[in-house]
Amino acid sequence: MRSGRAEVTVLPAEPHMLDVLQGFVHELRTAGLPVSMTENLDAMRAVEYVPIDDREAFKAALGATLVKNAGHYRVFETVFEVFFSMFSPGVNEEGELELDADAQANFDELRAAMDQGGAMSQVSNEELAQMLLDALMRMDQNEMRMLAGAAVARFAGMEPGRPVGGAYYLYRTLRQLDADGLVNKMMARAQESDQIGDGAFDERLAREDFEGRLKVLKEMIEAEIRRRLVADRGVDAMARTLRKPLPEDVDFMHASRDEMQLLQRAIYPLTRALAARLAQRRRHRRQGHLDFRQTVRHSMSYGGVPVEPRFKRPRPSKPEIMVVADISGSVASFARFTLQFVYAMQSEFSKVRSWVFIDGIDEVTRFFDESQELGEAIQRVNTEADVVWVDGHSDYGHAFEVWHERHIREVTKKSSVILLGDARNNYHASQAWTVAEMQKRARKVFWLDPEPRGYWDTGDSIVSEYAPYCDGVYEVRNLRQLQKFVADVVEA
Amino acid sequence: MGERFASVEAAGSRLREVDYLSDSSIAGAVFLADRLGKPILVEGPAGVGKTELAKAVAQATGARLIRLQCYEGLDESKAIYEWNYKKQLLRIQADREHERDWETVESDIFSESFLLTRPLLEAIRADDPVVLLIDEVDRVEIETEALLLEVLSDFQVSIPELGTIEGRQIPLVFLTSNNTRELSEALKRRCLFLHIDYPDIEREKEIVRVRVPEVDSALAGQIAKVVNSIRNLDLKKSPSISETIDWARTLVFLGRNEITPETLGDTLHVLLKYQSDIAKARKELGVDAPAVVKK
Chain X
1 MRSGRAEVTV
11 LPAEPHMLDV
21 LQGFVHELRT
31 AGLPVSMTEN
41 LDAMRAVEYV
51 PIDDREAFKA
61 ALGATLVKNA
71 GHYRVFETVF
81 EVFFSMFSPG
91 VNEEGELELD
101 ADAQANFDEL
111 RAAMDQGGAM
121 SQVSNEELAQ
131 MLLDALMRMD
141 QNEMRMLAGA
151 AVARFAGMEP
161 GRPVGGAYYL
171 YRTLRQLDAD
181 GLVNKMMARA
191 QESDQIGDGA
201 FDERLAREDF
211 EGRLKVLKEM
221 IEAEIRRRLV
231 ADRGVDAMAR
241 TLRKPLPEDV
251 DFMHASRDEM
261 QLLQRAIYPL
271 TRALAARLAQ
281 RRRHRRQGHL
291 DFRQTVRHSM
301 SYGGVPVEPR
311 FKRPRPSKPE
321 IMVVADISGS
331 VASFARFTLQ
341 FVYAMQSEFS
351 KVRSWVFIDG
361 IDEVTRFFDE
371 SQELGEAIQR
381 VNTEADVVWV
391 DGHSDYGHAF
401 EVWHERHIRE
411 VTKKSSVILL
421 GDARNNYHAS
431 QAWTVAEMQK
441 RARKVFWLDP
451 EPRGYWDTGD
461 SIVSEYAPYC
471 DGVYEVRNLR
481 QLQKFVADVV
491 EA
Chain Z
1 MGERFASVEA
11 AGSRLREVDY
21 LSDSSIAGAV
31 FLADRLGKPI
41 LVEGPAGVGK
51 TELAKAVAQA
61 TGARLIRLQC
71 YEGLDESKAI
81 YEWNYKKQLL
91 RIQADREHER
101 DWETVESDIF
111 SESFLLTRPL
121 LEAIRADDPV
131 VLLIDEVDRV
141 EIETEALLLE
151 VLSDFQVSIP
161 ELGTIEGRQI
171 PLVFLTSNNT
181 RELSEALKRR
191 CLFLHIDYPD
201 IEREKEIVRV
211 RVPEVDSALA
221 GQIAKVVNSI
231 RNLDLKKSPS
241 ISETIDWART
251 LVFLGRNEIT
261 PETLGDTLHV
271 LLKYQSDIAK
281 ARKELGVDAP
291 AVVKK
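Sequence order for the protein chains is X and Z.
Every letter in the first sequence is one number past the one before it in this note's numbering, and letter 269, counting from 1, is 269.
Every letter in the second sequence is one number past the one before it in this note's numbering, and letter 87, counting from 1, is 87.
These are computed hints drawn from the structure, not numbers from a lab.
A few of these clues could be false.
Label-pair distances were calculated between CB atoms; the ranges are [what the hints assert, rightly or not]:
| hint | chain 1 | residue 1 | chain 2 | residue 2 | range |
| --- | --- | --- | --- | --- | --- |
| 1 | X | Pro34 | Z | Arg67 | 28 to 38 Å |
| 2 | Z | Ala46 | X | Glu370 | 22 to 32 Å |
| 3 | Z | Arg67 | X | Arg175 | 52 to 62 Å |
| 4 | Z | Arg231 | X | Glu203 | 36 to 46 Å |
| 5 | X | Glu363 | Z | Tyr274 | 23 to 33 Å |
| 6 | X | Gly392 | Z | Arg256 | 19 to 29 Å |
| 7 | Z | Arg231 | X | Glu370 | 25 to 35 Å |
| 8 | Z | Ala94 | X | Asp488 | 24 to 34 Å |
With a straight-line cut-off of 30 Å between C-alpha atoms, the simulated DSS-like cross-links for lysine-lysine are [what the hints assert, rightly or not]:
| hint | chain 1 | residue 1 | chain 2 | residue 2 |
| --- | --- | --- | --- | --- |
| 9 | X | Lys215 | Z | Lys236 |
| 10 | Z | Lys237 | Z | Lys273 |
| 11 | X | Lys484 | X | Lys413 |
| 12 | Z | Lys188 | Z | Lys236 |
| 13 | X | Lys215 | X | Lys312 |
| 14 | Z | Lys237 | X | Lys351 |
| 15 | X | Lys312 | Z | Lys78 |
| 16 | Z | Lys237 | X | Lys484 |
| 17 | X | Lys185 | Z | Lys283 |
| 18 | Z | Lys87 | Z | Lys55 |
| 19 | X | Lys215 | X | Lys185 |
| 20 | Z | Lys78 | Z | Lys273 |
| 21 | X | Lys244 | X | Lys59 |
| 22 | X | Lys244 | X | Lys218 |
| 23 | Z | Lys55 | X | Lys244 |
| 24 | Z | Lys280 | Z | Lys237 |
| 25 | X | Lys414 | X | Lys312 |
| 26 | X | Lys351 | Z | Lys55 |
| 27 | X | Lys312 | X | Lys218 |
| 28 | Z | Lys273 | X | Lys351 |
| 29 | Z | Lys280 | X | Lys215 |
| 30 | X | Lys312 | X | Lys413 |
| 31 | X | Lys59 | Z | Lys55 |
| 32 | X | Lys484 | Z | Lys188 |
| 33 | X | Lys215 | Z | Lys55 |
| 34 | Z | Lys237 | Z | Lys55 |
| 35 | Z | Lys86 | Z | Lys55 |
| 36 | X | Lys444 | X | Lys484 |
| 37 | X | Lys244 | X | Lys185 |
| 38 | X | Lys218 | X | Lys351 |
| 39 | Z | Lys273 | Z | Lys55 |
| 40 | X | Lys215 | Z | Lys237 |
For every residue, glycine included, the Cβ atom is placed at its ideal position computed from N, Cα and C.
Based on the sequences and whatever the hints tell you, model everything.
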């Protein structure tokens with residue numbers, strides 16, 4: 001026992017650093033990143049070579065060893081901020097700042113101001129805003145970071161132990177800094193000094209440049225708030241509060257606007273990857289029928305003995321997809337993603353047709369065919385489709401009945417029907433027989449439900465009335481599940 | 001393991017010397033790959049300089065670049081080694097008259113002089129410093145990926161007739177991927193991961209200045225801003241760095257030292273390759289189509 005204790009003290013590496021690293025990796029795993037043992041060891045070796053003093057390089061080193069999927073990088077960044085913001089105070093100030101004496105004096109003042117919470121400082125709010133504007137114009141990142149720190153100290157009004165999220169402090173700081181007005185101020189500054197031309201085109205470029213700078217500043221402020229929150233509440237608590245799901249795990253129904261955009265961007269590469277994989281697998285699967293003619297012909301070279309049987313090349317038929325989607329408020333975003341996904345996968349299907357409904361139903365295939373891009377098509381679906389029959393509350397029974405009447409004859413053994421919705425029918429009649437008819441004629445009928453399985457058949461949800469007539473009822477709440485479903489359909 | 005670069009900054013500045021502008025994550029990954037003796041998997045949109053990075057590192061370290069271009073259907077005989085069976089046949093026929101016993105013949109024809117080395121084996125057996133580039137690794141099938149694993153993790157190749165050939169050095173290895181499919185976990189585990197994205201305005205400006213020295217600072221800044229602005233649009237294919245450079249060269253060639261909406265309208269096709277993208281960029285940026293001469 002005693003000797004074991006002695007050993008600990010002679011460990012060459014800083015045990016503290018490795019402890020933090022272990023906590024860090026644990027948190028990454030909790031957030032859903034698949035960090036393997038090897039990768040963990042790599043990270044431990046990496047930090048021996050790249051000291052934490054150079055924060056950017058340190059972060060790059062951990063990123064390179066632990067994150068193997070670009071989509072996961074955002075989650076990594078957040079966790080990194082939480083775990084390592086505290087670790088090397090002084091890095092922000094250190095850097096290689098080349099400042100003249102004047103700026104240095106300002107800095108010292110600001111640092112003092114930060115330490116005192118800002119109240120006693122001689123720098124007035126106006127002066128601070130002015131300095132910030134100067135820094136933005138020069139895009140001096142070091143100075144911006146300092147000033148962001150000062151601004152947070154002064155404006156965020158952070159109090160220890162106050163159970164308020166970072167978003168609130170961010171909002172307060174930005175409002176006090178008049179963040180929305182900053183771009184205009186920068187524009188005015190640039191125009192005064194003739195940095196930009198007169199045309200609308202030049203103006204647009206300059207504006208975008210300045211907006212980009214402002215975004216950098218916002219990120220700095222956010223980082224500073226996070227740093228202070230971590231100092232106040234401790235690493236573990238903050239990690240839990242800030243934990244974000246990976247893009248493929250974000251719930252469609254509860255995605256924030258930022259997450260929505262992220263999903264939107266994730267959809268295209270995902271479909272491309274999926275399409276490539278499926279096409280490859282289809283090409284390489286050998287299950288063609290015996291080619292009699294070829295076999296006999298080939299047997300001639302063996303004196304008429306069919307030594308080597310020949311097979312026809314497999315020619316897998318692409319399925320025809322018919323999507324019928326509920327787009328009432330409760331499931332709209334889910335339906336949107338699914339439609340987008342299906343259309344983005346179009347190369348894998350011979351034909352895609354789609355309908356949307358609330359209590360009335362309308363075919364929307366034309367919007368997708370006519371529009372250049374998915375976003376525009378979705379926009380038109382939402383505005384132009386005629387989906388209200390009586391009161392604009394979901395009525396699956398009526399919608400299915402109308403669909404049955406108009407389109408059931410077009411369903412063939414090649415078509416797969418995909419029904420999307422939470423089956424919350426507002427206590428209308430289910431008309432489940434229509435789905436039974438579909439199943440009789442179609443190759444497959446699938447139901448995708450965006451609600452967690454536990455909620456099915458509670459309240460006015462009647463999934464189980466339709467389920468017996470479906471070849472599969474899937475819970476699809478995130479991209480991962482959606483992707484898996486599409487793979488199943490194409491392979492089936 | 002390796003000591004090619006003294007520090008992360010050193011890696012960055014050595015790359016700078018050969019006209020490759022890195023950022024902290026690129027320089028960091030290169031430095032670490034050298035120290036840990038691990039391959040780097042480089043991912044990112046087309047034309048951000050993934051292949052270029054490997055070339056630059058080779059140049060900066062004075063190493064020979066060995067490149068394996070991947071494609072669907074790539075196999076062992078094209079990636080690692082192949083027996084030169086025509087030569088072997090000739091040898092067997094020539095030996096017939098001497099009536100040697102089979103064992104001598106066998107050990108003869110399965111010796112190194114009958115071996116055709118392909119890029120991976122070549123990299124392993126090299127005596128001089130090399131950088132190995134496995135380009136577009138996402139194009140090979142998952143089964144073929146497994147071939148790479150032995151090479152990448154232990155830096156050795158087993159040839160049944162000759163035994164295991166071990167590398168004399170651990171070269172820097174770069175694998176690039178356009179992410180058309182998910183690579184296997186096993187492969188990813190063995191590599192460091194580097195995602196290169198489009199550069200920010202400052203870095204792109206620098207890149208333009210380094211690669212097209214005729215462009216002055218103001219024009220380079222404008223170029224970077226315009227390209228950045230175009231990348232913000234929702235396009236089928238955003239302009240890559242190489243297209244930015246092409247565009248800069250075009251502007252120099254045309255003798256423009258300022259970008260006006262007209263100039264942009266005339267040269268937009270250098271940056272964008274889809275007609276629908278060009279139309280969209282025109283509309284969004286308020287740029288007119290080039291005047292069509294009517295007959």
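Evaluation of the provided hints:
Against the hinted window of 28 to 38 Å, the Cβ-Cβ separation of proline 34/X and arginine 67/Z comes to about 31 Å, which satisfies the hint. For the hinted restraint 22 to 32 Å between alanine 46/Z and glutamate 370/X, the CB-CB distance of approximately 29 Å keeps it satisfied. At about 55 Å, the beta-carbon gap between arginine 67/Z and arginine 175/X stays in the expected band of 52 to 62 Å. Taking 36 to 46 Å as the suggested C-beta distance range, the pair arginine 231/Z and glutamate 203/X does not conform, at roughly 19 Å.
A C-beta distance of roughly 29 Å is found between glutamate 363/X and tyrosine 274/Z, which places it inside the suggested range of 23 to 33 Å. The supplied range of 19 to 29 Å is broken by glycine 392/X and arginine 256/Z, whose beta-carbon atoms lie about 56 Å from each other. Arginine 231/Z and glutamate 370/X have their C-beta atoms about 27 Å apart, which keeps the hinted 25 to 35 Å range intact. Between alanine 94/Z and aspartate 488/X the C-beta distance comes to about 59 Å, which lies outside the given range of 24 to 34 Å.
Under the criterion of a C-alpha separation no larger than 30 Å, the hint pairing lysine 215/X with lysine 236/Z is consistent with the structure, at around 25 Å. Taken as a hint, the lysine 237/Z and lysine 273/Z pair is honoured in the structure, with Cα atoms around 8 Å apart against an allowance of 30 Å. Proposed proximity of lysine 484/X and lysine 413/X is supported: the alpha carbons are some 23 Å apart, at most 30 Å. Between the alpha carbons of lysine 188/Z and lysine 236/Z the distance comes to roughly 28 Å, so the proposed pair stays at or under 30 Å and holds.
Simply put, lysine 215/X and lysine 312/X have alpha-carbon atoms about 59 Å apart, too far for the 30 Å limit, and the pair is violated. Between the alpha carbons of lysine 237/Z and lysine 351/X the distance comes to roughly 25 Å, so the proposed pair stays at or under 30 Å and holds. Proposed proximity of lysine 312/X and lysine 78/Z is supported: the alpha carbons are some 28 Å apart, at most 30 Å. Between lysine 237/Z and lysine 484/X the alpha-carbon distance is near 27 Å, which keeps this suggested pair within the 30 Å criterion.
With a C-alpha separation of about 27 Å, the suggested pair lysine 185/X and lysine 283/Z falls inside the 30 Å cut-off, and the hint holds. At most 30 Å may separate the alpha-carbon atoms for a hinted pair to count; lysine 87/Z and lysine 55/Z exceed this at roughly 35 Å. Between the alpha carbons of lysine 215/X and lysine 185/X the distance comes to roughly 15 Å, so the proposed pair stays at or under 30 Å and holds. Between lysine 78/Z and lysine 273/Z the CA atoms are separated by roughly 33 Å; this puts the pair beyond 30 Å, and the hint is violated.
Between lysine 244/X and lysine 59/X the alpha-carbon distance is near 19 Å, which keeps this suggested pair within the 30 Å criterion. Taking the CA atoms of lysine 244/X and lysine 218/X, the gap is about 19 Å. The hint holds against a cut of 30 Å. For the hint pairing lysine 55/Z with lysine 244/X, the CA-to-CA distance comes to about 38 Å; that exceeds 30 Å, so the pair is violated. For the proposed pair lysine 280/Z and lysine 237/Z, the alpha carbon gap of about 12 Å is at most 30 Å, so the pair holds.
Restraint check for lysine 414/X and lysine 312/X: the C-alpha separation of about 21 Å stays at or below 30 Å, so the hint holds. Proposed proximity of lysine 351/X and lysine 55/Z is contradicted: the alpha carbons are some 44 Å apart, above 30 Å. Distance restraint check for lysine 312/X and lysine 218/X: the Cα-Cα separation of roughly 62 Å exceeds the 30 Å cut-off, and the hinted pair is therefore not satisfied. Of the supplied pair hints, the one linking lysine 273/Z and lysine 351/X holds, its CA atoms being roughly 27 Å apart against a limit of 30 Å.
Between lysine 280/Z and lysine 215/X the alpha-carbon distance is near 25 Å, which keeps this suggested pair within the 30 Å criterion. Between lysine 312/X and lysine 413/X, the direct Cα distance comes to roughly 23 Å. Compliance with the 30 Å bound is thereby established for this hinted pair. With a C-alpha separation of about 25 Å, the suggested pair lysine 59/X and lysine 55/Z falls inside the 30 Å cut-off, and the hint holds. For the hint linking lysine 484/X to lysine 188/Z, the alpha-carbon distance of about 21 Å falls within 30 Å, and the restraint holds.
Restraint check for lysine 215/X and lysine 55/Z: not satisfied, since their Cα atoms lie roughly 34 Å apart, outside the 30 Å limit. Using a Cα cut-off of 30 Å, the hinted pair lysine 237/Z and lysine 55/Z holds, with the two alpha carbons roughly 25 Å apart. Under the criterion of a C-alpha separation no larger than 30 Å, the hint pairing lysine 86/Z with lysine 55/Z is inconsistent with the structure, at around 35 Å. Note on lysine 444/X and lysine 484/X: the hinted pairing holds, with a Cα-Cα distance of about 16 Å set against a maximum of 30 Å.
Restraint check for lysine 244/X and lysine 185/X: the C-alpha separation of about 35 Å exceeds 30 Å, so the hint is violated. With a CA separation close to 46 Å, the supplied pair lysine 218/X and lysine 351/X exceeds the 30 Å bound. With a C-alpha separation of about 26 Å, the suggested pair lysine 273/Z and lysine 55/Z falls inside the 30 Å cut-off, and the hint holds. With a C-alpha separation of about 24 Å, the suggested pair lysine 215/X and lysine 237/Z falls inside the 30 Å cut-off, and the hint holds.
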